[in-house]
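K.L.:
These protein sequences, in sequence, are chains A and B. Under my numbering, the first sequence has 81 at position 81, and the numbering climbs by one with no breaks. Under my numbering, the second sequence has 24 at position 24, and the numbering climbs by one with no breaks.
Just to be clear, a hint being listed does not mean it is correct.
As the list claims (entries may be wrong) - Here are some chain B residues the structure puts well away from chain A; computed CB gaps all over 10 angstroms:
hint, residue
1, Ser12
2, Arg28
3, Lys54
4, Ala90
To be verified - If we take Cβ atoms under 10 angstroms as the criterion, some of the chain A residues that face chain B in the derived model are:
hint, residue
5, Ile29
6, Val36
7, Lys63
8, Arg179
If you're looking for bench data, these hints aren't it; they were derived computationally from the structure. Backbone N, C-alpha and C fix where the C-beta goes; we use that ideal spot for every residue, glycine too.
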Amino acid sequence: MKYKIKNNSLDELIELARSGDMDALEEIIKRQQKNVYATLYYLNAKPDEIMDLTQEILFKVAKNIKKLKNPRTFKSWLNQIIINQFYDTLRKKQKSVKKVCLENTEESKTNFEIPDFASNPYQKAVDKELEAAIKNSIHKLPDPFKAAIIMRELQGLSYEEIANATNSNIGTVKSRIARARLKLQEYLKPYLS
Amino acid sequence: MLKGNLTCENISRLILPYIDDKLTENQRNRVAIHLRNCPFCMEKYRIIKSLFDKIKQKNIQRAKKFQQYKLLSAYCDNEVSENTKDNIEASLALSCELTQKAIKINNLKKLMNYVFESQFANIELNMEKDIINRLKNDNIFKKIKTKIKKFKLHF
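Construct the entire structure; sequences and hints are all you get.
P.N.:
Structure representation (structure tokens):
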């Protein structure tokens, strides 16, 4: 059976992948990898670990997609995997005490530069400053607020999807997003006026 | 357990739980009797009670304000029911303060979306082939493993 995978919707691809279609699965990973990467970046994963973590998460998705019963819950399911994998890694590292701190050198930080192809140098500088400000502000948020606002603004998840991904109810998600926004408005005041 | 009549010293310990309604009925009655008969403690009670009420009022106001902000935030995400949407829009038409808040939420949303979109637009990850290969290898490895298991069981 020949079909153009690229034109299929995510739901269709998930259905195909669940029945063992490797091309469909490959397309899903292709479409989702940036989302996973960006989410980890804002969850404050260590720069030198983001790639490995993204790989691990996508592999888990590929391996377990057949277990996903309803394609509509894919986004919640994916984010559940992201959150679990991220905090699992964090917990494991905390157990292995200070080993990690020594590795967190300036060098590893400079290796992680996001390529920026904006042509206007002034705009480039403004964008860089803004990126840093937003990243720092998000990092300052308490974990549940951070996860909720990233899923909402970065990935465009609905409140229901966020509630499923974080094992909470919609009221809690509403609260967390509102609290995150109040804090972010305070931190980003100079950029919002 | 406190026995007999309460002293002024007892009252200074019981005054806050009394105001906060944390005492048993018996304790509450005994504190009330003392207060009725002791102008000094009664004055103390009035001062603390008025402070307590002010704080309580402030907390209620803060909670109400947050409740309103929460709804507004959900409205900006298009995550409210039609009924709530109508109510919020009616309130927005009447209140400049609320409209300002909605504008601020939308500005924050725009700023974040702009940064997220431009920041990751040029990143190429190309992990899909590696992952599919890893999965295929993993599947082969699993098949070999089960065959070995069957083989072991057979003998």
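K.L.:
Over 10 angstroms from every CB of chain A: does B/Arg28 meet that, or does the non-interface label fail?
P.N.:
holds, 35 angstroms
K.L.:
Compute the least Cβ-Cβ separation between B/Ala90 and chain A, then decide whether it is above 10 angstroms.
P.N.:
Correct as stated: the minimum Cβ-Cβ distance to chain A is 20 angstroms, above 10 angstroms.
K.L.:
Is the nearest CB of chain A more than 10 angstroms from the CB of B/Lys54?
P.N.:
Consistent with the label, B/Lys54 stays out of reach of chain A, its closest Cβ about 24 angstroms off (over 10 angstroms).
K.L.:
Let me know if the C-beta of A/Val36 comes in closer than 10 angstroms to any C-beta of chain B, holds or violated.
P.N.:
holds, 9 angstroms
K.L.:
Could you let me know if the closest chain A CB is still more than 10 angstroms away from the CB of B/Ser12?
P.N.:
B/Ser12 clear of chain A: closest Cβ-Cβ about 38 angstroms, beyond 10 angstroms.
K.L.:
For the hint on A/Ile29, does the least C-beta distance to chain B fall short of 10 angstroms?
P.N.:
Nearest chain B Cβ about 4 angstroms off; hint holds.
K.L.:
Is the interface hint for A/Arg179 satisfied, with its Cβ closer than 10 angstroms to some Cβ of chain B?
P.N.:
holds, 8 angstroms
K.L.:
For the hint on A/Lys63, does the least C-beta distance to chain B fall short of 10 angstroms?
P.N.:
holds, 6 angstroms
Every hint, counting from the list given before, is met by this structure.
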